[in-house]
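Each chain, letter by letter, is given below.
Number of protein chains: 2
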Amino acid sequence: MAVSPYFAVIMAGGSGTRLWPASRANFPKQFLDIPGPVPMLRATVDRLPPEIPLTQVLAVTGETLAEQTRRLLPDLPRENILAEPVAKNTAPCVGWAAVECLRRNPEAIIAVLPSDQHIANTTVFRGAVRAAMERARGGAILTLGIRPTRPETGYGYIERAEETARMDGGFAVHRVVRFVEKPDRSTAQLYLDRGVFEWNSGMFFFRGDVIRGEIHGQLPGLDAALARIAAAGAPDSDGYAAALREAFGLAESVSIDVGVMENARRIEVIPCDMGWNDVGSWQSLRDVTPADDAGNHVLGETVVIDSRNCVVVGRNTAAAVVGMEDIVVAATPDAVLVCKTSDSQRVREVVDALRKKHSRAI
Amino acid sequence: MAVSPYFAVIMAGGSGTRLWPASRANFPKQFLDIPGPVPMLRATVDRLPPEIPLTQVLAVTGETLAEQTRRLLPDLPRENILAEPVAKNTAPCVGWAAVECLRRNPEAIIAVLPSDQHIANTTVFRGAVRAAMERARGGAILTLGIRPTRPETGYGYIERAEETARMDGGFAVHRVVRFVEKPDRSTAQLYLDRGVFEWNSGMFFFRGDVIRGEIHGQLPGLDAALARIAAAGAPDSDGYAAALREAFGLAESVSIDVGVMENARRIEVIPCDMGWNDVGSWQSLRDVTPADDAGNHVLGETVVIDSRNCVVVGRNTAAAVVGMEDIVVAATPDAVLVCKTSDSQRVREVVDALRKKHSRAI
Chain A
889 MAVSPYFAVI MAGGSGTRLW PASRANFPKQ FLDIPGPVPM LRATVDRLPP EIPLTQVLAV
949 TGETLAEQTR RLLPDLPREN ILAEPVAKNT APCVGWAAVE CLRRNPEAII AVLPSDQHIA
1009 NTTVFRGAVR AAMERARGGA ILTLGIRPTR PETGYGYIER AEETARMDGG FAVHRVVRFV
1069 EKPDRSTAQL YLDRGVFEWN SGMFFFRGDV IRGEIHGQLP GLDAALARIA AAGAPDSDGY
1129 AAALREAFGL AESVSIDVGV MENARRIEVI PCDMGWNDVG SWQSLRDVTP ADDAGNHVLG
1189 ETVVIDSRNC VVVGRNTAAA VVGMEDIVVA ATPDAVLVCK TSDSQRVREV VDALRKKHSR
1249 AI
Chain B
889 MAVSPYFAVI MAGGSGTRLW PASRANFPKQ FLDIPGPVPM LRATVDRLPP EIPLTQVLAV
949 TGETLAEQTR RLLPDLPREN ILAEPVAKNT APCVGWAAVE CLRRNPEAII AVLPSDQHIA
1009 NTTVFRGAVR AAMERARGGA ILTLGIRPTR PETGYGYIER AEETARMDGG FAVHRVVRFV
1069 EKPDRSTAQL YLDRGVFEWN SGMFFFRGDV IRGEIHGQLP GLDAALARIA AAGAPDSDGY
1129 AAALREAFGL AESVSIDVGV MENARRIEVI PCDMGWNDVG SWQSLRDVTP ADDAGNHVLG
1189 ETVVIDSRNC VVVGRNTAAA VVGMEDIVVA ATPDAVLVCK TSDSQRVREV VDALRKKHSR
1249 AI
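Residue numbers (the numbering used here), protein chains in the order written: chain A, 889 to 1250; chain B, 889 to 1250.
One thing to keep in mind: the hints can contain errors.
Identical copies look the same in the list; a pair holds intra-copy or inter-copy alike.
List of simulated lysine to aspartate or glutamate pairs, EDC-like, C-alpha gap at most 16 angstroms [said to hold, decoys possible]:
id : residue 1 : residue 2
1  : Lys1070   : Asp1145
2  : Lys1070   : Asp1126
3  : Lys1228   : Glu1213
Treat the hints as calculated values from the structure; they're not laboratory data.
Produce the complete structure using the sequences and hints provided.
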């Protein structure tokens, strides 16, 4: 049997608090079984196309989350869980994983996937991944673009140009004109109207040697770091941990999007419609869970009386809501958040306030 | 030293859920330290005038709450905690306690006090209790009336007539015309306007023989029950428990207000203003706790951002509220309630719903 060149790198280092109080510093979003039934990180691995062998699925996370990650992914070889000595955004994470894929197979074709997204249509997802990896074989860097359905200000966008190829399954490949950061409302509306902008899914596909080349050209600090890691021998060898720590000291702290993709030599996007959602706020539960007759989205033990369009989540606690409209109630045994649905993002203010109080509920 | 004739009977059998989720079937309101710093039952004992010796303070509760009550009142003799074999409203509770007071002192003058009220002004309270007990010595049944400040529909009222006496401390005693049940809004307004209606505090004062006489005349079932208990010997004697259980079987299930007071021979009221509050809903926290600059009343660990006129309670859990107005958020580790302040009473619907679901959070 031929050795598969396909690798997946799952970025599982997030420590976001956007779904606080369900998500925590030591229990970030990827571990949440929202919308369920399994944690998003587990679902991310489970939805991979079978062409990527589990032995070639790597997860990169922080040291404090490594054991939790291993427990959730017991079917991955233990050495496939890469624990970053320090968080330096996604470029070092991706670079390090690429080095380890290349160590195993110099012809590695790598899918880089966030670990905390919900994708409703696995079939379309797998088709898109196959198309992107096939296309990446020729040296392009691919990303998946999500067809925008509203003038969302919480996502980055990708502007696409002419179609450059048509892949199996009918997936069109387009040249990328540019990546743009989260826009303001009127710009987002413009993007939506223009029809040539996609949401940036944060999923990337490339050959290992291609990303190494881009990093060499764009991020000299990270490039030096990766050279040091590559020279250190296999992860279980003497001196690897020290080399890794030293290397992360050298690396620029920057996202792979900004640090590499925006200026990559040959970057393409495959627009697709696969029921993607980044579950980036409690409000987004409306998109990933069914509503009751009154428009309420509920998870866990809840009692919702005479209320409409609410998001109510009771995690190991009972959340009771009476006579309310358009609010979020998210409860855990040690904390509860109550806000207007449209204020979901303000959870950050709560976490900041709790941090100042040295509360244990963060 | 003369034996004191003064007894207090604390009615501590409540199993109300009006402050759910803080109050529970097995942790009713009287155990809550709201508004604090001590539980309301404890505060009830602590505010008694010193003329009532602790050895003559009895607390009547249910069997399931007896141990909890003893622990909260360790300074009371253990035998002073009376555990009802079955809950039959307040008339049997008061009758039984009266029998036990009379067993100790045939000239007992008894103050019957709810265990779950907040009284801001202890000095006025003590003065009123002294006045009522002194007046009760002559054979009257006294109650304390609370000057109404709003057309409250959640309380019973007492209509008073002419002044019959003026006691030490300037407390006026009035003849009671009638007790009236919780009125509707327009009737409550009428009562407020008339100026001769007081809120029924649920506190009563009488000689033991007087209440026994009233029960004899008005509640034959309870009268027979009390005779049986009285004949059974002291509570620690053989056969007392059986007699008690049998007696409670005979007793009418009725409140002392309806069963006795409304038709009592000689009943009087002392109007007073002592910062009384029955803490009967989360909304009532507004009356018993200070507000912050935005009109929010908070207890426990809370984060309240950009919100006004909210009641926010975090009991062993952090309650975070952002951008809300006029709502109640009451949270415990296993349940949270969210409703409009004006809907505070609808907590009953929540508890009913949870009961149907066999939830453990009730």
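Results of checking the hints against the structure:
Only within a single protomer do Lys1070 and Asp1145 lie at most 16 angstroms apart by alpha-carbon distance; the minimum there is 12 angstroms, versus 67 angstroms between protomers. Taking the closest pair of Cα atoms, Lys1070 and Asp1126 never come within 16 angstroms of each other, the shortest separation being 43 angstroms inside a single copy and 81 angstroms across copies. In this homomeric assembly, Lys1228 and Glu1213 come within 16 angstroms of each other (Cα to Cα) both inside a single copy, at 8 angstroms, and across copies, at 10 angstroms.
Violation of the numbered hints given earlier is confined to hint 2; every other hint is satisfied by the structure.
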